[in-house]
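A.B. asks: Protein chains in written order, with this note's numbering: chain A, 1 to 319; chain B, 320 to 638; chain C, 639 to 957.
None of these hints come from the bench; they were simulated from the model. Wrong hints could be hidden among the right ones.
Pairs of lysine to any residue residues, derived as SDA-like cross-links and limited to a Cα-Cα distance of at most 20 Å, are as follows [to be verified]:
1. K662(C) <-> D104(A)
2. K772(C) <-> P611(B)
3. K412(B) <-> N293(A)
4. K405(B) <-> P181(A)
Selected chain B positions facing chain C (in silico; Cβ < 8 Å) [unchecked claim]:
5. L367
6. R370
7. I371
8. Q374
9. K375
10. V498
11. P596
12. V597
13. R598
14. R599
15. M601
16. D605
17. L616
18. E620
Partner residues aside, some chain B positions facing chain A, computed with beta carbon under 8 Å [stated by the list, open to error]:
19. T357
20. W385
21. D392
22. A414
23. S416
24. V417
25. L570
Virtual Cβ for every residue (Gly too), placed ideally from N, Cα, C.
Each chain, written out:
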Amino acid sequence: MKRFFSVEDVINVYDIIKEAINLKKNPYCFQHIGKNKTIGLVFFNPSLRTRISCQKAAFNLGSNTWVLNIHRDSWNIEMKDGNVMKDTQEHLKEAISVMNLYCDILAVRTFPHLIDRDYDYNEVLFNKILSYSKVPVVNMESATLHPLQSLADVMTIAEFIPFFSKKKCKVVLSWAPHVKPLPHSVANSFSQWISKIEEIDLTITCPEQYDLYEEFSNGVYTTYNQNEAFLNADFIYAKNWSSYINYGKILCNNNDWMITERKMKITNKAKFMHCLPVRRNMVVEDSVLDSPNSIVLQQAENRIYASQIIFLKILQSLS
Amino acid sequence: MKRFFSVEDVINVYDIIKEAINLKKNPYCFQHIGKNKTIGLVFFNPSLRTRISCQKAAFNLGSNTWVLNIHRDSWNIEMKDGNVMKDTQEHLKEAISVMNLYCDILAVRTFPHLIDRDYDYNEVLFNKILSYSKVPVVNMESATLHPLQSLADVMTIAEFIPFFSKKKCKVVLSWAPHVKPLPHSVANSFSQWISKIEEIDLTITCPEQYDLYEEFSNGVYTTYNQNEAFLNADFIYAKNWSSYINYGKILCNNNDWMITERKMKITNKAKFMHCLPVRRNMVVEDSVLDSPNSIVLQQAENRIYASQIIFLKILQSLS
Amino acid sequence: MKRFFSVEDVINVYDIIKEAINLKKNPYCFQHIGKNKTIGLVFFNPSLRTRISCQKAAFNLGSNTWVLNIHRDSWNIEMKDGNVMKDTQEHLKEAISVMNLYCDILAVRTFPHLIDRDYDYNEVLFNKILSYSKVPVVNMESATLHPLQSLADVMTIAEFIPFFSKKKCKVVLSWAPHVKPLPHSVANSFSQWISKIEEIDLTITCPEQYDLYEEFSNGVYTTYNQNEAFLNADFIYAKNWSSYINYGKILCNNNDWMITERKMKITNKAKFMHCLPVRRNMVVEDSVLDSPNSIVLQQAENRIYASQIIFLKILQSLS
Numbered sequence: 001m002k003r004f005f006s007v008e009d010v011i012n013v014y015d016i017i018k019e020a021i022n023l024k025k026n027p028y029c030f031q032h033i034g035k036n037k038t039i040g041l042v043f044f045n046p047s048l049r050t051r052i053s054c055q056k057a058a059f060n061l062g063s064n065t066w067v068l069n070i071h072r073d074s075w076n077i078e079m080k081d082g083n084v085m086k087d088t089q090e091h092l093k094e095a096i097s098v099m100n101l102y103c104d105i106l107a108v109r110t111f112p113h114l115i116d117r118d119y120d121y122n123e124v125l126f127n128k129i130l131s132y133s134k135v136p137v138v139n140m141e142s143a144t145l146h147p148l149q150s151l152a153d154v155m156t157i158a159e160f161i162p163f164f165s166k167k168k169c170k171v172v173l174s175w176a177p178h179v180k181p182l183p184h185s186v187a188n189s190f191s192q193w194i195s196k197i198e199e200i201d202l203t204i205t206c207p208e209q210y211d212l213y214e215e216f217s218n219g220v221y222t223t224y225n226q227n228e229a230f231l232n233a234d235f236i237y238a239k240n241w242s243s244y245i246n247y248g249k250i251l252c253n254n255n256d257w258m259i260t261e262r263k264m265k266i267t268n269k270a271k272f273m274h275c276l277p278v279r280r281n282m283v284v285e286d287s288v289l290d291s292p293n294s295i296v297l298q299q300a301e302n303r304i305y306a307s308q309i310i311f312l313k314i315l316q317s318l319s
Numbered sequence: 320m321k322r323f324f325s326v327e328d329v330i331n332v333y334d335i336i337k338e339a340i341n342l343k344k345n346p347y348c349f350q351h352i353g354k355n356k357t358i359g360l361v362f363f364n365p366s367l368r369t370r371i372s373c374q375k376a377a378f379n380l381g382s383n384t385w386v387l388n389i390h391r392d393s394w395n396i397e398m399k400d401g402n403v404m405k406d407t408q409e410h411l412k413e414a415i416s417v418m419n420l421y422c423d424i425l426a427v428r429t430f431p432h433l434i435d436r437d438y439d440y441n442e443v444l445f446n447k448i449l450s451y452s453k454v455p456v457v458n459m460e461s462a463t464l465h466p467l468q469s470l471a472d473v474m475t476i477a478e479f480i481p482f483f484s485k486k487k488c489k490v491v492l493s494w495a496p497h498v499k500p501l502p503h504s505v506a507n508s509f510s511q512w513i514s515k516i517e518e519i520d521l522t523i524t525c526p527e528q529y530d531l532y533e534e535f536s537n538g539v540y541t542t543y544n545q546n547e548a549f550l551n552a553d554f555i556y557a558k559n560w561s562s563y564i565n566y567g568k569i570l571c572n573n574n575d576w577m578i579t580e581r582k583m584k585i586t587n588k589a590k591f592m593h594c595l596p597v598r599r600n601m602v603v604e605d606s607v608l609d610s611p612n613s614i615v616l617q618q619a620e621n622r623i624y625a626s627q628i629i630f631l632k633i634l635q636s637l638s
Numbered sequence: 639m640k641r642f643f644s645v646e647d648v649i650n651v652y653d654i655i656k657e658a659i660n661l662k663k664n665p666y667c668f669q670h671i672g673k674n675k676t677i678g679l680v681f682f683n684p685s686l687r688t689r690i691s692c693q694k695a696a697f698n699l700g701s702n703t704w705v706l707n708i709h710r711d712s713w714n715i716e717m718k719d720g721n722v723m724k725d726t727q728e729h730l731k732e733a734i735s736v737m738n739l740y741c742d743i744l745a746v747r748t749f750p751h752l753i754d755r756d757y758d759y760n761e762v763l764f765n766k767i768l769s770y771s772k773v774p775v776v777n778m779e780s781a782t783l784h785p786l787q788s789l790a791d792v793m794t795i796a797e798f799i800p801f802f803s804k805k806k807c808k809v810v811l812s813w814a815p816h817v818k819p820l821p822h823s824v825a826n827s828f829s830q831w832i833s834k835i836e837e838i839d840l841t842i843t844c845p846e847q848y849d850l851y852e853e854f855s856n857g858v859y860t861t862y863n864q865n866e867a868f869l870n871a872d873f874i875y876a877k878n879w880s881s882y883i884n885y886g887k888i889l890c891n892n893n894d895w896m897i898t899e900r901k902m903k904i905t906n907k908a909k910f911m912h913c914l915p916v917r918r919n920m921v922v923e924d925s926v927l928d929s930p931n932s933i934v935l936q937q938a939e940n941r942i943y944a945s946q947i948i949f950l951k952i953l954q955s956l957s
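For reference, chain A alone in the conformation it holds in the complex (with noise of 0.2 Å):
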């Protein structure tokens, strides 16, 4: 693997989620190949999952991290070519082309600013990045997509509904209601992986207007009956996201979107999911996020393992 931009770069999806649920029950096996490499992590954005379960992954492997918060740690950096940088201290180009002297691997975070819609889903910032990067990149959440998360998703879907014996299940995302305008990069992904999965049958339900890009949910059916979607879901995916049509912006603010616990008596005994940080009673009703069929936990966990699989598929192609 020479990148991890999306699921694209990955050859075949049952097979990484094999080997990282595999990577999982042996975590130390691969610090030969991870002995002397050094994986840097980029953030222009607040993080602790990824931060976190990034440099576990790392130390898995027998690898060293460094972490650079852009802005707080270095340098303003100008992201426009050809400007007299009077205001910006560093451009974009020499801040990655030296980052990736001193790493093998160069994982980013940058969220989109949800103003401009083409500017955003052309991952114009992202492309600079790959561009300017001699070393692979790994996308720890772009404008838009957000694969280590929905990697760790579908692996624990995988954990619990036996889809490599060929079982179908019905996996829902259901928008929820939120305070802010939140990026789309968790659900165009994971919409995205899903897929590519056969056995998974995905239905998205948003209130009108929220429907996603086509792009990441082709074929998707999608409803804005919230009730209707629930019906004998074996998984429901909670999350927030901003209009995409008109693009960043809050138009529903419903509490009836909610995921409640009696909402959740519709599915069938669906495991409920959502990719942390949740605000509780806003997104989700306590007693779904406290019940033993919340299954956050897992999908955090397995954040590692998503990570350490990508992390050690890239440094095996450098070798």
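Keeping the supplied structure of chain A fixed, place chains B and C upon it in accordance with the hints.
C.D. replies: Positioned in the frame of chain A, the structure of chains B and C alone reads:
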């Protein structure tokens, strides 16, 4: 050892001090136990000594660490249960549960707010952390206690006075002036630890209305007369704290309480102790801090071995 | 080597350059020397290259690092002696003495304030740090010098021009415009290092009143005519600095001093050098920085081996 919240989690104080002193002589001899272990260091508040000495202790054990500065690296944490999380991004329950997944020991620092005495003295926040955590938790200073500091402190005294051979010594914990209301944790914890060592005769001296909470200073002779206290002292431990009775208030800022060269002459050539950071010429005169009898750096050095023996005991109990 | 404050701490500049070049070929071969050693990296100011390249250098040696951002991770530091510390929380003396206890080498960055020339040029702050420290101190950029940068710079030149075989070359250090008053450390230090290498003929070019402090540019030909300087140059090192004579002031912001493609044509197909970060189209035109003759990334890469050879020399002298 399954957790380290206070001295009460230590089976035998004499033994742990001896083991810490032995570890100092041979700090790298337990790397087979620390291998592939990860110690998470979580700071709700700033830190210099604790931050770095815990990292060094983990290095000595051959373990990895990650450091998370809550509020800065990650998200605003909700501390209350049942709230609709309009203003906070992640609940403490998820934050702790997730951090658990990425480490073998979770060490946490949370200062008191010094506003609500019951909240602080019931250790509401730290108890929540303990209840949410499935991995062993280490107290890197909570609302009322700082046991890693105290273990380093008694270890330092033990290096000077062989109380293992039953020699008695007099230790004075002296209040000293400060401009800001400070927590009681260092004083409480020191008093609590010393009370476990028969050979040490502790005297507390402070202005009226500055008595420590009796649970931690049970049976300790307290006097409002600093000069009387200093008479024949072998160790003077200086520390400011705010009032317990008039909770969190500064009732006295009398410079007369500063530890001076003149006062040290009353003592039995006492060693001068402080946990650092210390405000010079407010808490203590330069000439005392810079004298050969000042052992503040030995205390700081022993912070490594205090943390290391605790981490080691916990790691040993895991396997 | 017992400390690394400037080139004067290096016994033989030719030897250290050769050793750094050899280390680059085989960076992991000294891990037996770095094992169980800890390098503390202390930043009073922001950093990207220095921060990460020093971590990488330590990793290469098999050593641990901790990073402390003063003022952000820890406490406000008192720099003056004898003060009643009403507004500061910890004196530099304790901060340095304590950090000493937790590492084998202490690397420190402290920028000048560019207000009081005597304070800066007497290196008052760094000299205090040196005097307080019992472990070897490495200068990661002080008020007047940046020797790790300079070692990387001369190493880079050596990789292009075999001055070890007595071939002469012409190097030009050219002032260039900037919006903010910048330190002199990179320019001072570069000049000081180059002066130790007989085969390099250094010319400094800058506007009037921008002459560097003569101690560091002793015997170096300085001209206010940039075009004249560029004639037959083999290397152009661009750098802004504020005035030394009119201390810390910006006296000129003439765009004519920017390094352009047109000016590079005057040279002997010179390599373009800069320490980074660089403001594009202010200090240097895009087309020069992006040309094949730009060797700024080689300089940045060599920062690893400059730090690593210095850390190695110091660690070797410890045992």
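A.B. asks: Indicate, hint by hint, whether the structure satisfies it.
C.D. replies: Taking the hints in turn, this is what the structure says about them:
1. Proximity of K662(C) to D104(A) is assessed by CA-CA distance (about 15 Å); at most 20 Å being required, the pair is judged to hold.
2. This hinted pair checks out: K772(C) and P611(B) have alpha carbons roughly 16 Å apart, not beyond 20 Å.
3. Note on K412(B) and N293(A): the hinted pairing holds, with a Cα-Cα distance of about 17 Å set against a maximum of 20 Å.
4. With a CA separation close to 13 Å, the supplied pair K405(B) and P181(A) stays within the 20 Å bound.
5. With a least beta-carbon distance of about 4 Å to chain C, the hint placing L367(B) at the interface is held under the 8 Å criterion.
6. Proximity of R370(B) to chain C holds as hinted, the smallest CB-CB distance being about 7 Å (cut-off 8 Å).
7. For I371(B), the interface hint holds, since its Cβ comes within 8 Å of a Cβ in chain C; the closest pair sits about 5 Å apart.
8. Checking Q374(B) against chain C by beta carbon gives a least distance of about 5 Å; that is within 8 Å, so the hint holds.
9. For the restraint placing K375(B) at the interface with chain C, the shortest Cβ-Cβ distance is roughly 5 Å, inside the 8 Å limit, so the hint holds.
10. Interface restraint check: V498(B) against chain C, minimum CB-CB distance 6 Å, threshold 8 Å, status holds.
11. Hint status for P596(B) relative to chain C: holds, with the closest Cβ pair at about 3 Å, below 8 Å.
12. Among the interface hints, the one on V597(B) holds; its C-beta lies about 7 Å from the nearest C-beta in chain C, closer than the 8 Å criterion.
13. For R598(B), the suggested interface contact is upheld, since its CB lies about 4 Å from the closest CB of chain C, less than 8 Å.
14. The closest approach between the C-beta of R599(B) and any C-beta of chain C is roughly 5 Å, which is under the 8 Å cut-off, so the hint is satisfied.
15. Because the beta carbon of M601(B) sits about 6 Å from the nearest beta carbon in chain C, less than 8 Å, this interface hint is met.
16. The beta carbon of D605(B) is positioned within 8 Å of a beta carbon in chain C (closest approach about 7 Å), and the interface hint is therefore held.
17. The closest approach between the C-beta of L616(B) and any C-beta of chain C is roughly 6 Å, which is under the 8 Å cut-off, so the hint is satisfied.
18. Taking 8 Å as the C-beta contact cut-off toward chain C, the hint placing E620(B) at the interface holds, the least distance being around 4 Å.
19. Annotation: interface hint on T357(B) holds; nearest CB of chain A at approximately 6 Å, less than 8 Å.
20. A distance limit of 8 Å between C-beta atoms decides the matter here; for W385(B) the minimum to chain A is near 5 Å, and the interface restraint holds.
21. Satisfaction of the interface hint for D392(B) is found here, the shortest Cβ-Cβ separation to chain A being roughly 6 Å, below the 8 Å cut-off.
22. A least Cβ separation of about 7 Å between A414(B) and chain A falls short of the 8 Å threshold, and the interface hint therefore holds.
23. The criterion of a C-beta within 8 Å of any C-beta in chain A is met by S416(B), whose closest approach is roughly 6 Å, and the hint holds.
24. This hint holds: V417(B) has a C-beta 5 Å from the nearest C-beta of chain A, less than the 8 Å allowed.
25. The criterion of a C-beta within 8 Å of any C-beta in chain A is not met by L570(B), whose closest approach is roughly 39 Å, and the hint is violated.
In this structure, only the earlier hint numbered 25 is contradicted, and the remaining ones agree with it.
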